[in-house]
Amino acid sequence: MIEVTLKINGKMYTRKINPMLRLIDFIRDEIKLKGTKEGCGEGECGACTVIMNGKTVNSCLVLAASANGAEITTIEGLSNGDHLHPIQEAFIEVGAVQCGYCIPGMILSTKALLDENLDATEAQIKEGISGNLCRCTGYTKIVEGVKIAQKKIINSQEGD
Amino acid sequence: MQAVGVNYTRPDVYGKISGKAVYPDDIEFEGMLYAGVKRSTIAYGKVLSINIDEIKQLPGVEYVIDYTMIPGAISHGVIFKDIPILVKDIVKRIGDCLILIVTNDKESLKNALKQVKVEYEEYEGVFTVDDALKEDAPIIGDGSNILYDIKIKAGNIDEGFKEALHITENLYCSQMTEHAFLQPEAAVACYDDDGTLKVYVATQYPHYDREEVARCLNVSEDKVKIINTTIGGAFGAREDINPQCHAAIATYISKKPVKVLYTREESIISHSKRHPMKMHYKTGVTKDGKLCALKARIYGDTGAYASWGMNVLRKAAVHATGPYVIPNVDIQALAVYTNNPYSGAMRGFGATQVPLASESQMDILAEKLNMHPLKFRYINSFEVGSNTATGQKLVSSVGIKKCIEKIAEIAEIKL
Ligand code: FES
Ligand code: FES
Numbered sequence: 190m191i192e193v194t195l196k197i198n199g200k201m202y203t204r205k206i207n208p209m210l211r212l213i214d215f216i217r218d219e220i221k222l223k224g225t226k227e228g229c230g231e232g233e234c235g236a237c238t239v240i241m242n243g244k245t246v247n248s249c250l251v252l253a254a255s256a257n258g259a260e261i262t263t264i265e266g267l268s269n270g271d272h273l274h275p276i277q278e279a280f281i282e283v284g285a286v287q288c289g290y291c292i293p294g295m296i297l298s299t300k301a302l303l304d305e306n307l308d309a310t311e312a313q314i315k316e317g318i319s320g321n322l323c324r325c326t327g328y329t330k331i332v333e334g335v336k337i338a339q340k341k342i343i344n345s346q347e348g349d
Numbered sequence: 003m004q005a006v007g008v009n010y011t012r013p014d015v016y017g018k019i020s021g022k023a024v025y026p027d028d029i030e031f032e033g034m035l036y037a038g039v040k041r042s043t044i045a046y047g048k049v050l051s052i053n054i055d056e057i058k059q060l061p062g063v064e065y066v067i068d069y070t071m072i073p074g075a076i077s078h079g080v081i082f083k084d085i086p087i088l089v090k091d092i093v094k095r096i097g098d099c100l101i102l103i104v105t106n107d108k109e110s111l112k113n114a115l116k117q118v119k120v121e122y123e124e125y126e127g128v129f130t131v132d133d134a135l136k137e138d139a140p141i142i143g144d145g146s147n148i149l150y151d152i153k154i155k156a157g158n159i160d161e162g163f164k165e166a167l168h169i170t171e172n173l174y175c176s177q178m179t180e181h182a183f184l185q186p187e188a189a190v191a192c193y194d195d196d197g198t199l200k201v202y203v204a205t206q207y208p209h210y211d212r213e214e215v216a217r218c219l220n221v222s223e224d225k226v227k228i229i230n231t232t233i234g235g236a237f238g239a240r241e242d243i244n245p246q247c248h249a250a251i252a253t254y255i256s257k258k259p260v261k262v263l264y265t266r267e268e269s270i271i272s273h274s275k276r277h278p279m280k281m282h283y284k285t286g287v288t289k290d291g292k293l294c295a296l297k298a299r300i301y302g303d304t305g306a307y308a309s310w311g312m313n314v315l316r317k318a319a320v321h322a323t324g325p326y327v328i329p330n331v332d333i334q335a336l337a338v339y340t341n342n343p344y345s346g347a348m349r350g351f352g353a354t355q356v357p358l359a360s361e362s363q364m365d366i367l368a369e370k371l372n373m374h375p376l377k378f379r380y381i382n383s384f385e386v387g388s389n390t391a392t393g394q395k396l397v398s399s400v401g402i403k404k405c406i407e408k409i410a411e412i413a414e415i416k417l
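Just so you know, the protein sequences line up as chains A and B, in that order. When we follow my numbering, the leftmost residue of the first sequence carries the number 190, and every step to the right adds one. When we follow my numbering, the leftmost residue of the second sequence carries the number 3, and every step to the right adds one.
Hints are computed from structural coordinates only; laboratory data are not their basis. Cβ atoms here follow ideal geometry from the backbone N, Cα and C, with glycine treated the same way. Certain hints may be false.
[Said to hold, decoys possible] Result set (PhoX-like, lysine-lysine): computed pairs, CA atoms no more than 20 Å apart in a straight line:
1. A/Lys196 to A/Lys244
2. B/Lys22 to A/Lys221
3. B/Lys155 to B/Lys395
4. A/Lys205 to A/Lys221
5. B/Lys22 to A/Lys200
6. A/Lys221 to B/Lys155
7. B/Lys108 to A/Lys205
[What the hints assert, rightly or not] Have a look at the derived ranges for each label pair, beta carbon to beta carbon:
8. B/Val6 to A/His272: 30 to 38 Å
9. B/Gly33 to A/Met190: 21 to 29 Å
10. A/Gly327 to B/Ile148: 35 to 43 Å
11. B/Thr179 to A/Glu305: 34 to 42 Å
12. B/Lys58 to A/Ser255: 35 to 43 Å
13. A/His272 to B/Lys227: 19 to 27 Å
14. A/Glu347 to B/Val24: 34 to 42 Å
15. B/Ser399 to A/Ser255: 54 to 62 Å
16. B/Glu56 to A/Glu305: 49 to 57 Å
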């Protein structure tokens, strides 16, 4: 057992864990944040995507121990109380959500992409979410949602 | 019709975009146990022995359950009850369930499943429809390898082909397809205070599930409650029972809440598939470009168990002509047992495979006629008043001609 401390959605969590525990298990089983999903457990589907120190990672491929000291954002950290993030609003507006299982990961990949490049072109958007599989939607509405989110974020920044 | 053309926000979207939607694996109870099944690694054979006594001694193992410990029915199925909940002796496909292990934590379950040793007497199986239909083929089904055989005949097939200027005859094969919904199967079972056994599961048929769980526990249906959680995709593969009965049996025996969670690999191995089909098509067309005859033989590989095999092949037969008028038809569709993964429901349910054949035939014949393929479809497509191959007179809602006109207009094709 080793002790690790992770900052998840702005809160510090210290736990004694098995060194082989995956980050996804730390998030779901130790901290009980169930919004991060497991689809494959081997880095293929992106359902388990979280943002770690500003970059997306597949939390099924990261050991919790190696994330010691890291800052993590999960889907639960995205909305501010009842106030939805513009990406969430956009996904709702355009009908980008079907079964929903890919959506937490998809939204976090979108956030990481737009945090880095708010003006991402369609090709860059597609590349940005290429690690996230969606079996329901066919992606069209998701890409549209990302474009609407871009506009929403740009407008809100101009309003500031 | 008020909803057509209007955008509505789906009520479940807020949970789904915030991570609050509850899928079965998100459910936990105090003192919950974990259960999983050891599955067969051979496609056909007899189980000679399993090291159950050794498994019982492993750390964290609470129960090892075999078919003799199931209180009620030992098999399930949407139409025929032929899928073993736990195998008695014969396995018919890779992925048949052998024993159910219940442990007090996830790690012990993983470890215990790895330690299971099964001895088999392996038999030679059949893996293609052609082999399964040979006279000396081993019988995988219930007395026969033919689960279902439907014939649709209309007009006079020989006369029909006599009218033809061109005839094309081809074989089309479609592949097995995996649904690959994103949320692997999971279920949590527990007892309610009033003694009702509850199963939380993502399912397409809570009412069927209730019946199957009650049957295997040998209790009345009012003692079982199926709670449908948020469903992480289904596409047909959540029509058959997957983890429901195993979770329920483990709770029945342990009296504790139990979770069953599949890995992606187990998900793919265990549930149904889209029927691979072999489709022999012979289609004739007159000199005026009118379809005059179709002879079709459609063989669906239904795998080791019935599931929805008959319904899927019936639909393939019914849709064999495509949306086109063909006055003389001779169609036969068969669902054939093999030792492959069992086939069942998947989006389209048999109507999806046949267009590969029927539409390819259309393209080939249009080329022979030197006619634009869109025009060829247009002059043969159903309209109000047409008769389908099954003798159904279409009386309303036949939009294909209009649709083709629109395509032709946009693509600037002369019909
Ligand atoms: S669960 Fe991590 S990539 Fe699929
Ligand atoms: S909405 Fe179902 S997988 Fe994306």
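Hints and how they fare:
| no. | hint | in the structure |
| --- | --- | --- |
| 1 | A/Lys196 to A/Lys244 | holds, 15 Å |
| 2 | B/Lys22 to A/Lys221 | holds, 12 Å |
| 3 | B/Lys155 to B/Lys395 | holds, 15 Å |
| 4 | A/Lys205 to A/Lys221 | holds, 15 Å |
| 5 | B/Lys22 to A/Lys200 | holds, 19 Å |
| 6 | A/Lys221 to B/Lys155 | violated, 60 Å |
| 7 | B/Lys108 to A/Lys205 | holds, 18 Å |
| 8 | B/Val6 to A/His272: 30 to 38 Å | holds, 33 Å |
| 9 | B/Gly33 to A/Met190: 21 to 29 Å | holds, 23 Å |
| 10 | A/Gly327 to B/Ile148: 35 to 43 Å | holds, 37 Å |
| 11 | B/Thr179 to A/Glu305: 34 to 42 Å | holds, 37 Å |
| 12 | B/Lys58 to A/Ser255: 35 to 43 Å | holds, 37 Å |
| 13 | A/His272 to B/Lys227: 19 to 27 Å | violated, 37 Å |
| 14 | A/Glu347 to B/Val24: 34 to 42 Å | holds, 38 Å |
| 15 | B/Ser399 to A/Ser255: 54 to 62 Å | holds, 59 Å |
| 16 | B/Glu56 to A/Glu305: 49 to 57 Å | holds, 54 Å |
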